[in-house]
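Sequence order for the protein chains is A and B.
With the first letter of the first sequence counted as 1, position 174 gets the number 174 in this note's numbering; the numbers rise by one all the way through.
With the first letter of the second sequence counted as 1, position 218 gets the number 437 in this note's numbering; the numbers rise by one all the way through.
Read the hints as simulated data drawn from the structure, not as lab findings.
Warning: the hint list may mix true and false statements.
[Claimed, not checked] Listed next, with one range per pair, are the computed distances between beta-carbon atoms: (1) B:394 - A:123: 53 to 59 Å; (2) A:207 - B:356: 45 to 51 Å; (3) A:47 - B:264: 45 to 51 Å.
[To be verified] No more than 16 Å apart at the CA atoms, straight line, and that leaves these computed lysine to aspartate or glutamate pairs for EDC-like: (4) B:238 - B:375; (5) A:207 - A:186; (6) A:19 - A:153; (7) A:19 - A:203; (8) A:88 - B:299; (9) B:307 - A:172; (10) A:51 - B:375; (11) B:409 - B:372; (12) A:190 - A:153; (13) B:270 - A:147; (14) B:238 - B:267; (15) A:51 - B:366; (16) B:270 - A:156.
[Unchecked claim] In silico contact screen, one side only, chain A against chain B (beta carbon under 7 Å); selected entries: (17) 65; (18) 68; (19) 70; (20) 73; (21) 77; (22) 90; (23) 97; (24) 109; (25) 178.
Predicted, not measured: the structure shown is a model, and the values here were computed from it.
Where a beta carbon is used, it is the ideal one built from N, C-alpha and C, also for glycine.
There are 2 protein chains.
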Amino acid sequence: MREVTAYTWVPDFAQGFVKDLRVRWALEEAGLAYAERLIDHEQKLQPEHLKRQPFAQVPVYRDDQVELFESGAIVMQIAEGSEALMPKDSAGRARTMSWAFAALNSVEPFVANVRITQLFHADAPWADGYMENAARMAAGRLARVADWLKGRDYLEGRFTAGDLLMATVLREMEGHALLAAHPVLEAYVKRCTGRPAFGRALEAQLKVFAAHPPQLVSA
Amino acid sequence: MREVTAYTWVPDFAQGFVKDLRVRWALEEAGLAYAERLIDHEQKLQPEHLKRQPFAQVPVYRDDQVELFESGAIVMQIAEGSEALMPKDSAGRARTMSWAFAALNSVEPFVANVRITQLFHADAPWADGYMENAARMAAGRLARVADWLKGRDYLEGRFTAGDLLMATVLREMEGHALLAAHPVLEAYVKRCTGRPAFGRALEAQLKVFAAHPPQLVSA
Chain A
1 MREVTAYTWV
11 PDFAQGFVKD
21 LRVRWALEEA
31 GLAYAERLID
41 HEQKLQPEHL
51 KRQPFAQVPV
61 YRDDQVELFE
71 SGAIVMQIAE
81 GSEALMPKDS
91 AGRARTMSWA
101 FAALNSVEPF
111 VANVRITQLF
121 HADAPWADGY
131 MENAARMAAG
141 RLARVADWLK
151 GRDYLEGRFT
161 AGDLLMATVL
171 REMEGHALLA
181 AHPVLEAYVK
191 RCTGRPAFGR
201 ALEAQLKVFA
211 AHPPQLVSA
Chain B
220 MREVTAYTWV
230 PDFAQGFVKD
240 LRVRWALEEA
250 GLAYAERLID
260 HEQKLQPEHL
270 KRQPFAQVPV
280 YRDDQVELFE
290 SGAIVMQIAE
300 GSEALMPKDS
310 AGRARTMSWA
320 FAALNSVEPF
330 VANVRITQLF
340 HADAPWADGY
350 MENAARMAAG
360 RLARVADWLK
370 GRDYLEGRFT
380 AGDLLMATVL
390 REMEGHALLA
400 AHPVLEAYVK
410 RCTGRPAFGR
420 ALEAQLKVFA
430 AHPPQLVSA
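Bound conformation, chain A alone (with noise of 0.2 Å):
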């Protein structure tokens, strides 16, 4: 038994962007079959939900021995069980570790910034001074993958959950002249999204939105 909660519906901003996609991308990879548990927007603000992911979002996974939140920890938990998505050495687990971290703490914020304030808060007063500061931001730490993929198709050579969480975070900008700036980038991220599992993920998301009427987003 695995089961992965996710949302009945989300608006078309998010839709195909939501974290479970990551989890469900890594069990595909991993060959594993899973259930959907659905919630929607007032239940993920209740009591019952948050025992289970204290931020009031999605992705919760369980299987028979596990229950975790975190959409990186959720994936690294599959990576566990599976080489498809971590080599077995103890070197190989620890460059894929590294990666998942780097992906969600040294880019992701720095490309959230950016989508957050243009999704969000494009006519605000603060967003054109700000824009300018969180771009460059963002702009470095985009340049350092890219350096480092250079001649590599994979951030360790071979696929990796690493690979899956860093996919992720740079497809949030696809079509963004910040990751156009990067070739190698644009690239990598459709050799990423390229892969069938990924697209059996995605499919699998955005089946579920498509089954279930709009509905008000609180936050």
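Position chain B relative to chain A; hints supplied.
Leaving out everything else, chain B in the frame of chain A:
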């Protein structure tokens, strides 16, 4: 052989907060000795260091079997080998991993946006408007952690690597009204940083800075 790469010196505001502190703390909790490998702010930009730390930062960690970067990954690597930092059973390991990622992905980015704006952009024309938004976001995340901690000494009852990482994030806000709004969080930070292992780690970091001359810090 265990080796932690750290800076020879950083400016006052960063002393006691450079992220090798997390690694030193984890090693102290685990009762493991380590050597320091010190670099300065010119060396961090050299190809030799970028091969070890692609973002031109510290820490880097290595032992006889692994070499890795990202403080979160290193702390989890050390936790793999020490029950002082993580329970041995798979359910307890999964919870520790959840909180490690929660600290660094669901809390730290919001705390950092507040801190970095105050430290580096206080006089920018966009600072006040942006800060109103950043403070509201950070307050939301802190409230969720505070709710979780009510009735608990540590995130999962006993101290784990998840607490270590969460405490290093929250202590960035010590003395700030956003943290002071939650006595449960202030008490938690004091409980974690009151551990003898934290004291030894902090002392070890500060001792290096005191022994080296100030230096111009480039980005």
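(Q) Are any of the numbered hints broken by this structure? If so, which, sorted upward? (A) 1, 2, 4, 5, 6, 9, 14 and 25
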